[in-house]
Amino acid sequence: MTWQIDDDLYVTGKTGLGIDNPQERLEVNGNVKATSFLGDGSKLTGVVKNLDSVVKKAGDTMTGVLTIQNNLTVTGNISGNIDAVNITSGILSVDRIPSLVATRGENTFTGTQSINGDLSVQGEINWGNSSRLQADQGGSIELGGDTSTPGGGTPYIDFHFAGLTQDFNTRIINDANGRLSLVAQEICLSSGGGGTPVGAMSIDVGTFGTMENAVNSYYFRVRDIGAGPSTPFYIRGDGQVFGQFAQSSSKELKENIGLLCLQEAAQILAGLNPVKFNYKTDSDQHQNIGFIAEDVPELLATSDRKGVSIMDIVGVLTKVLQEQQKTILELAEKVKSLEAKIPNCDLG
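Be aware that the sequence shown starts at 128, since it is given in the working numbering, and climbs by one per residue.
Everything labelled a hint here was simulated from the structure, so no lab data went into it. Possibly wrong hints are sitting among the right ones.
[Unchecked claim] Distance condition first, Cα-Cα at most 25 Å in a straight line; then the derived DSS-like pairs of lysine-lysine:
#1 Lys468 to Lys446
#2 Lys463 to Lys433
#3 Lys433 to Lys407
#4 Lys433 to Lys403
#5 Lys446 to Lys378
#6 Lys446 to Lys461
#7 Lys433 to Lys453
#8 Lys381 to Lys446
#9 Lys463 to Lys453
#10 Lys160 to Lys170
#11 Lys463 to Lys381
Turn these sequences into a full structure, and let the hints guide you.
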């Protein structure tokens, strides 16, 4: 039976629909159907908000903001045209993301992330001590732009050893057109992963060639970045030269040029004391002949008194030998003159 009520209905007690003894103000045993509800339902408690009651079939749309306070489990796919996903806190765990922009604080990603397109980073990319940046064979790392979009800066790679806090401990930098500079106190060429120096290491100069077979337009040079060859080149050990080894001696590189007098050359030569010795680092204890840098005349020693200038010694010997040869020729002429004056005398 149906009753039509045109005026207000005011009930002070409990109302039950389909229930003989209701316990609440309104208790319904069955479904409640309405075209709309007032309010957002934020103050409702004990209500299970089942999306299936709203979205029942493919193509149904929900509008507005969806807030999920607990876990969300999706057994199918989440798809759609999304310009941006903003996450201010918590963790977003997904299998694949077509586009990801992280803008708040430090963002951590675990697992393997595969990006088939371009990755543009405006800030820093940091990876831990046990992580690495890896490129497949044939891949490359481009610093300072590429051929289509050249960069305007100076590309470089800095290394920080053992937690040191300075700007860099060593650096590889492309500081000029066609030049790659290594900024380090020491450069060690080694084989394997242990850092043990090898017994033989080659330096390639030119296009797929070594210093031995490089064409004349290529050469290996040790010098200051500025003008002038003033940087010392140290070789700790033996060496071999296959071909000519020439020391630059052009007058264009020199100033205050003056002749070495015989008296000075003879005095320097008299101050040389040749000795026999073994190098401490020579395991074969090969015997050598030479000089002690601390004992030679100051003109022949390096500024730190640790080395001897071979070119200077050659110059001193040349001057003394020239004078000796001149004296020998003069004596030979005198002997020849005496032989002519003394009959039947052979002084030879």
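Going down the list of hints, with the structure as the test:
1. Lys468 to Lys446: 34 Å, violated
2. Lys463 to Lys433: Violated. Lys463 to Lys433 sits at ~49 Å, over the 25 Å cutoff.
3. Lys433 to Lys407: Status holds; Cα separation ~15 Å.
4. Lys433 to Lys403: 17 Å, holds
5. Lys446 to Lys378: 19 Å, holds
6. Lys446 to Lys461: 23 Å, holds
7. Lys433 to Lys453: Roughly 35 Å separates the two Cα atoms, so the pair is violated.
8. Lys381 to Lys446: With a Cα-Cα distance of about 19 Å, the restraint between Lys381 and Lys446 holds, given a limit of 25 Å.
9. Lys463 to Lys453: Roughly 15 Å separates the two Cα atoms, so the pair holds.
10. Lys160 to Lys170: OK: Lys160 and Lys170 at ~20 Å, within 25 Å.
11. Lys463 to Lys381: The hint is violated at about 44 Å.
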